[in-house]
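Engineer: Let the sequences and hints guide you as you build the complete structure.
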Amino acid sequence: MTRSPSISRVRTGAEDELKTALVTGATGLVGSATSLALARDGWKIALICHQKRPASQALLRKVRAAGGRGTLIEAELLDYRREAPRVVAAAQRALGPIHLFVHAAAPPVTSSGWQAPSEDLETQFAVHTGAFLALTSALLPEMLRAQSGTLVALLSQAVLPPAVPGWQSYTIAKAALAQAINEFSAAYGHAGIRALGLMPGAIKGDKPPRTDGDDRVRGVLRARWPIGLSAETVAEWVLRLAKDRSFSSGTVISFDSKGTAVGRCTSWSADRPSGGEYDFDDHGAGEAPPPGTTGVTALLHEVVRKTFSLDRGTRVERAKIGELDGWDSLGHVKLIMEVESAFGVRFTADEAVKLQSVPGIVAALSRNARKS
Amino acid sequence: MSRTTLKVRNLSLDDLQPGMFACYDTVLSARDVAAFAGLTGDVSPLHVNRTYGRRTRYRGNLIHGMLAAGHFSTLVGVLLPGRRALLSRIEIDFSRPIAVGEQVTVSGKISHVSRMTSAVGLNLLVLSRGEICVAGRATVIVRPG
Numbered sequence: 001m002t003r004s005p006s007i008s009r010v011r012t013g014a015e016d017e018l019k020t021a022l023v024t025g026a027t028g029l030v031g032s033a034t035s036l037a038l039a040r041d042g043w044k045i046a047l048i049c050h051q052k053r054p055a056s057q058a059l060l061r062k063v064r065a066a067g068g069r070g071t072l073i074e075a076e077l078l079d080y081r082r083e084a085p086r087v088v089a090a091a092q093r094a095l096g097p098i099h100l101f102v103h104a105a106a107p108p109v110t111s112s113g114w115q116a117p118s119e120d121l122e123t124q125f126a127v128h129t130g131a132f133l134a135l136t137s138a139l140l141p142e143m144l145r146a147q148s149g150t151l152v153a154l155l156s157q158a159v160l161p162p163a164v165p166g167w168q169s170y171t172i173a174k175a176a177l178a179q180a181i182n183e184f185s186a187a188y189g190h191a192g193i194r195a196l197g198l199m200p201g202a203i204k205g206d207k208p209p210r211t212d213g214d215d216r217v218r219g220v221l222r223a224r225w226p227i228g229l230s231a232e233t234v235a236e237w238v239l240r241l242a243k244d245r246s247f248s249s250g251t252v253i254s255f256d257s258k259g260t261a262v263g264r265c266t267s268w269s270a271d272r273p274s275g276g277e278y279d280f281d282d283h284g285a286g287e288a289p290p291p292g293t294t295g296v297t298a299l300l301h302e303v304v305r306k307t308f309s310l311d312r313g314t315r316v317e318r319a320k321i322g323e324l325d326g327w328d329s330l331g332h333v334k335l336i337m338e339v340e341s342a343f344g345v346r347f348t349a350d351e352a353v354k355l356q357s358v359p360g361i362v363a364a365l366s367r368n369a370r371k372s
Numbered sequence: 373m374s375r376t377t378l379k380v381r382n383l384s385l386d387d388l389q390p391g392m393f394a395c396y397d398t399v400l401s402a403r404d405v406a407a408f409a410g411l412t413g414d415v416s417p418l419h420v421n422r423t424y425g426r427r428t429r430y431r432g433n434l435i436h437g438m439l440a441a442g443h444f445s446t447l448v449g450v451l452l453p454g455r456r457a458l459l460s461r462i463e464i465d466f467s468r469p470i471a472v473g474e475q476v477t478v479s480g481k482i483s484h485v486s487r488m489t490s491a492v493g494l495n496l497l498v499l500s501r502g503e504i505c506v507a508g509r510a511t512v513i514v515r516p517g
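Sequence lines, in order, name chains A and B.
By the working numbering, the letter at position 199 of the first sequence is numbered 199, and the numbering carries on one by one without gaps.
Heads up, the working numbering is the position in the second sequence plus 372, with the first residue counted as 1.
If you're looking for bench data, these hints aren't it; they were derived computationally from the structure.
Among the hints, erroneous ones may be present.
Quick look at which bits of chain B chain A covers, simulated, 3 or more residues with Cβ under 8 Å [as the list claims (entries may be wrong)]:
1) 375-385
2) 391-398
3) 429-436
4) 475-486
5) 502-510
Pair by pair, the computed Cβ-Cβ distance ranges are [stated by the list, open to error]:
6) A:11 to B:401: 20 to 30 Å
7) A:93 to B:387: 26 to 36 Å
8) B:438 to A:8: 20 to 30 Å
9) B:377 to A:13: 44 to 54 Å
Beta carbons: idealized from backbone N, C-alpha and C, even for Gly.
Structural biologist: Structure follows, in structure tokens:
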């Protein structure tokens with residue numbers, strides 16, 4: 001006679017049907033746009049907000065009106081150790097196992113001095129990093145059961161050099177969050193759980209950061225605050241990352257100065273945004289193109305620098321053959337091979353001879369992308 | 373833990389898609405360990421001798437790794453794809469020991485489907501408290517009927 005083992009909680013299904021999400025910072029710009037984008041796509045969403053205010057109730061109504069099922073959960077993420085298990089349990093009771101976690105919660109960025117960074121650092125670390133880790137830890141068992149889960153963290157271009165004076169608490173916490181994605185990817189990528197990052201830069205409509213009259217802060221921000229993506233564009237990217245599993249774990253999508261997505265960066269090697277035309281006191285300018293445009297330019301610059309062993313800071317945007325060390329006729333052959341390898345394209349000999357400049361190669365790659 | 377009797381599923385190759393998954397929870401008990409030792413003859417004291425187990429760094433007996441991995445057979449042959457399955461190949465990594473009496477989750481997800489060879493690839497896991505204890509990759513032939 002056989003004895004059956006003790007078996008419980010049998011679950012079967014398909015990954016594409018798992019449309020349950022938990023969004024922190026749900027009433028913020030990115031959080032609310034993301035919640036609505038998910039709702040329109042038919043997701044069930046746990047909206048995590050700091051306090052149940054009229055704004056959060058209004059968001060819940062919009063989510064429901066958009067076709068999603070939502071539940072509002074109040075949480076104090078500063079107390080993430082205690083709150084994370086409670087929040088996840090409440091979300092799972094209301095919606096079932098959660099398979100997408102979007103971490104968009106963010107306390108206000110303050111421009112603090114080094115003389116008293118501790119309280120500010122604790123706040124930033126708790127909300128950005130501690131809450132992400134604690135919520136992930138609480139969500140992980142159910143994600144692992146189905147071998148299906150996506151974590152999307154909102155990162156910041158402020159972690160890229162040069163540093164913004166006085167923002168160290170915010171940037172240190174965000175850098176730790178980015179590293180959490182790296183670490184998590186190494187640990188659980190093979191188990192079907194993906195950790196991804198979006199590094200959008202300034203969001204259109206967001207409050208301009210305080211400069212407290214500090215000209216150095218103002219100068220750095222003017223130089224590096226060029227983007228102004230809309231929250232809706234960021235939300236579209238969140239949805240894309242959630243649904244398109246060809247974005248492998250560890251991917252961080254950054255955006256260049258025109259708001260174009262910069263490739264599938266698995267490191268911070270992409271060009272940091274440049275250009276000072278965006279006025280950080282006026283968040284009205286520069287609507288970004290929709291997702292779908294590729295980071296061809298940034299990746300090509302990286303390939304050019306790598307091929308000719310140039311420093312990261314070397315400007316190559318408008319370089320032509322003969323203008324960079326090593327870009328002679330022999331170097332040109334090497335460059336074309338590297339470009340073919342990096343982009344998975346093949347140029348004919350005639351085409352390769354005509355590709356005499358970086359803008360020319362960008363144009364050829366764009367033509368190629370349109371053809372395919 | 374409310375107990376369930378597994379029902380054998382009968383999924384055909386046409387029913388199967390990458391991303392399909394199945395999972396269940398089970399407790400690997402001392403009785404299971406004794407039965408496995410009796411069947412296979414693996415009576416290592418690490419698994420069956422309490423005094424010895426307590427003296428080890430694990431402070432207790434461990435279940436046989438192959439007992440945990442044996443649940444991959446259940447998952448494939450009963451749930452995904454079920455009765456049409458013929459296990460063709462399996463690779464297993466044991467990354468964390470499992471104590472006797474520990475509750476675990478057994479999980480499998482289809483990674484690819486080959487219509488040409490009538491085979492599917494599965495990623496298999498035994499999990500405990502959010503950690504991966506055993507990870508496997510299997511190739512399963514899906515018989516026509």
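Engineer: Using the Cβ atoms, figure out if residue 377 (chain B) sits within 44 to 54 Å of residue 13 (chain A).
Structural biologist: violated (20 Å)
Engineer: Between the region 429-436 of chain B and chain A, are there enough contacts, at least three residues with CB-CB distance under 8 Å, for the coverage claim to hold?
Structural biologist: This one is violated; 0 residues, fewer than the three required, reach chain A with a Cβ under 8 Å.
Engineer: Measuring from beta carbon to beta carbon, are residue 438 (chain B) and residue 8 (chain A) in 20 to 30 Å?
Structural biologist: holds (22 Å)
Engineer: I want to verify a distance hint. Is the separation of the beta carbons of residue 93 (chain A) and residue 387 (chain B) within 26 to 36 Å?
Structural biologist: This hint holds: roughly 32 Å between Cβ atoms.
Engineer: Take the region 375-385 of chain B, compare each residue's beta carbon with every beta carbon of chain A, and decide whether three or more fall closer than 8 Å.
Structural biologist: holds (count 5)
Engineer: Are 3 or more residues of the region 502-510 of chain B near chain A, judged by a Cβ distance of less than 8 Å?
Structural biologist: Holds, because 3 residues of the region 502-510 of chain B bring their Cβ atoms closer than 8 Å to Cβ atoms of chain A.
Engineer: Tell me whether the statement that chain A covers the region 475-486 of chain B is true, taking a Cβ distance below 8 Å and needing three residues at minimum.
Structural biologist: holds (count 4)
Engineer: Quick check: the region 391-398 of chain B, covered by chain A? Criterion 3+ residues, Cβ under 8 Å.
Structural biologist: holds (count 8)
Engineer: Measuring from beta carbon to beta carbon, are residue 11 (chain A) and residue 401 (chain B) in 20 to 30 Å?
Structural biologist: holds (22 Å)
When held up to the earlier numbered hints, the structure conflicts with 3, 9 and fits the remainder.
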